[in-house]
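Visitor: Top line first, the protein sequences correspond to chains A and B. FYI, this note's numbering numbers position 134 of the first sequence as 134, with every residue one higher than the one before it. FYI, this note's numbering numbers position 79 of the second sequence as 79, with every residue one higher than the one before it.
These aren't lab readings, by the way, just hints derived from the structure by calculation. A quick note: this is a predicted structure, and the numbers were derived from the prediction, not measured. Just to be clear, a hint being listed does not mean it is correct.
Unchecked claim - Chain B is nowhere near these chain A residues, computed Cβ spacing over 12 Å in every case: (1) R15; (2) D29; (3) K51; (4) E64; (5) T101.
As the list claims (entries may be wrong) - Some but not every residue of chain B turned toward chain A, in silico, with C-beta under 7 Å: (6) G39; (7) A47; (8) P48; (9) Y52; (10) H55; (11) G59; (12) D87; (13) H93; (14) H129; (15) H131; (16) M138; (17) G140; (18) K143; (19) D147.
For glycine and all other residues, C-beta sits at the position ideal for the given N, C-alpha and C.
Number of protein chains: 2
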Amino acid sequence: MTTANTKATEEAQIRALIDNWANAMRAKDADGVVSQYAGDNVKFILAPPLKYTRHNPFGKKALEDWFSSFQGPLGYEIRDLNITTGDDVAFCHSLNRMKATTTDGAKVDLWFRETLGFCKIAGKWTITHEHSSVPFYMDGSYKAAVDLKP
Amino acid sequence: MTTANTKATEEAQIRALIDNWANAMRAKDADGVVSQYAGDNVKFILAPPLKYTRHNPFGKKALEDWFSSFQGPLGYEIRDLNITTGDDVAFCHSLNRMKATTTDGAKVDLWFRETLGFCKIAGKWTITHEHSSVPFYMDGSYKAAVDLKP
Chain A
1 MTTANTKATE EAQIRALIDN WANAMRAKDA DGVVSQYAGD NVKFILAPPL KYTRHNPFGK
61 KALEDWFSSF QGPLGYEIRD LNITTGDDVA FCHSLNRMKA TTTDGAKVDL WFRETLGFCK
121 IAGKWTITHE HSSVPFYMDG SYKAAVDLKP
Chain B
1 MTTANTKATE EAQIRALIDN WANAMRAKDA DGVVSQYAGD NVKFILAPPL KYTRHNPFGK
61 KALEDWFSSF QGPLGYEIRD LNITTGDDVA FCHSLNRMKA TTTDGAKVDL WFRETLGFCK
121 IAGKWTITHE HSSVPFYMDG SYKAAVDLKP
C-alpha cells in the first residue's frame, strides 16, 4: 500500500510532467512533447486512425507537421485535472482546451476529454497511454461534438 | 515496487472484472455493469456531454434506457486488451466493438477506443474512470469516424 505521503510526492511529479508537456505544446516544441512519452506508447487521438502504436507512431515528425499547420503559439488549457497514482502506475483525466489559428486563418477553439496513463520507468514517470476525444451527436448526424463547453 | 508475481495476480483480477463487465453488457444487465464502477466515477462516453460525474451520473437508469433502445442481447467484443497494473492503481486500453440492432431495426456495428482506470478499494478492484470514443475526420466535415476497423 502506498502511503499518503508517497502518493503526494508521486502526484507532484506527475503534475510537473503534465506542466512540462502542456508548456511544450504551447511552445510547439515537438522534442519537449515527445520526451514525456515512453517509446512504446499507445495513443488514441482526435484524428483517425483508431490507434497509434510504435508500429505506426504519432511521433516527432507527425507532431511537427501538425504544429506547422498553426500560426504562432498554441493556447492550451487543462481543467479539472484529476490524478490517481500508485507506486509505479498512475492515470489522470481532465478537460483540455486548444485555441489556435491555422495557417489558413481559421480559428480553432476546442474542448476535449483527455486521459493519460503513466508508468514509472527507471525512477521517472512517463506517459505510456494517451486518449483524447470529443463525443459525437446521437441524432443521426454522426457529427463530432466540437462545440461543447465544460 | 510490485513484484512480477503480484502484478500477474492483480492483472488476473482486473481481467476477470472486465470479463464480468463485458458479459453484463452483452446480457443488458444494468446492475451487473454498474456494480463494476466506484460510486464516485468519471465517465467520458461516446455521447455528449463531455463528462459524467456523480453530480450528473450515467448510472443504472441511463444504462437501462440505453439498453432498451436495442433488440435482444448486445454483441460486445474486446480486442488488443492491454492492462498496466500496480498495487492499487491500474489502467487498461483496448479496441471494443458493439454490434446490435435498435428497436427501430437499424444495425449498429461500431469499433471504438476504450480506456479504463481502476483503483483497489477495500481489497477489490473497481472502475473509477472510463473513456470511450471514436476519432473524427479532419477534412472539415467534423464527422465522427464510426466506420473504422482495427
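Visitor: Give a verdict on every hint.
Guide: These are the hints, each one checked on the structure:
For R15 (chain A), the non-interface assignment is confirmed: its Cβ lies about 16 Å from the closest Cβ of chain B, beyond the 12 Å cut-off. No beta-carbon of chain B comes within 12 Å of the beta-carbon of D29 (chain A); the shortest separation is about 22 Å. Distance check on K51 (chain A): its Cβ comes as close as 6 Å (rounded) to a Cβ of chain B, failing to clear the 12 Å threshold; non-interface status is violated. Against the 12 Å criterion, E64 (chain A) stays outside the reach of chain B, whose nearest CB is about 17 Å from its own CB.
For T101 (chain A), the requirement that its beta carbon stay farther than 12 Å from each beta carbon of chain B is met, with the minimum near 16 Å. With its C-beta approaching chain A no nearer than about 15 Å, G39 (chain B) sits outside the 7 Å limit, and its interface hint is violated. The interface hint given for A47 (chain B) holds, since its Cβ lies 5 Å from the closest Cβ of chain A, which is under the 7 Å cut-off. Interface hint status for P48 (chain B): upheld, as the beta-carbon distance to the closest one in chain A is roughly 5 Å, under 7 Å.
Interface hint at Y52 (chain B): violated, since its Cβ lies 10 Å from the closest Cβ of chain A, which is beyond the 7 Å cut-off. Checking H55 (chain B) against chain A by beta carbon gives a least distance of about 12 Å; that is not within 7 Å, so the hint is violated. Interface restraint check: G59 (chain B) against chain A, minimum CB-CB distance 17 Å, threshold 7 Å, status violated. Annotation: interface hint on D87 (chain B) holds; nearest CB of chain A at approximately 6 Å, less than 7 Å.
This hint holds: H93 (chain B) has a C-beta 6 Å from the nearest C-beta of chain A, less than the 7 Å allowed. Look at H129 (chain B): its Cβ gets to within about 6 Å of chain A, closer than 7 Å, so that hint holds up. Checking H131 (chain B) against chain A: minimum C-beta separation of about 4 Å stays under 7 Å; hint holds. The beta carbon of M138 (chain B) is positioned within 7 Å of a beta carbon in chain A (closest approach about 5 Å), and the interface hint is therefore held.
Taking 7 Å as the C-beta contact cut-off toward chain A, the hint placing G140 (chain B) at the interface is violated, the least distance being around 9 Å. The criterion of a C-beta within 7 Å of any C-beta in chain A is met by K143 (chain B), whose closest approach is roughly 6 Å, and the hint holds. With a cut of 7 Å, the hint placing D147 (chain B) at the interface with chain A is violated, because the nearest CB-to-CB distance is about 9 Å.
The structure is inconsistent with the numbered hints 3, 6, 9, 10, 11, 17 and 19, although it conforms to all the rest.
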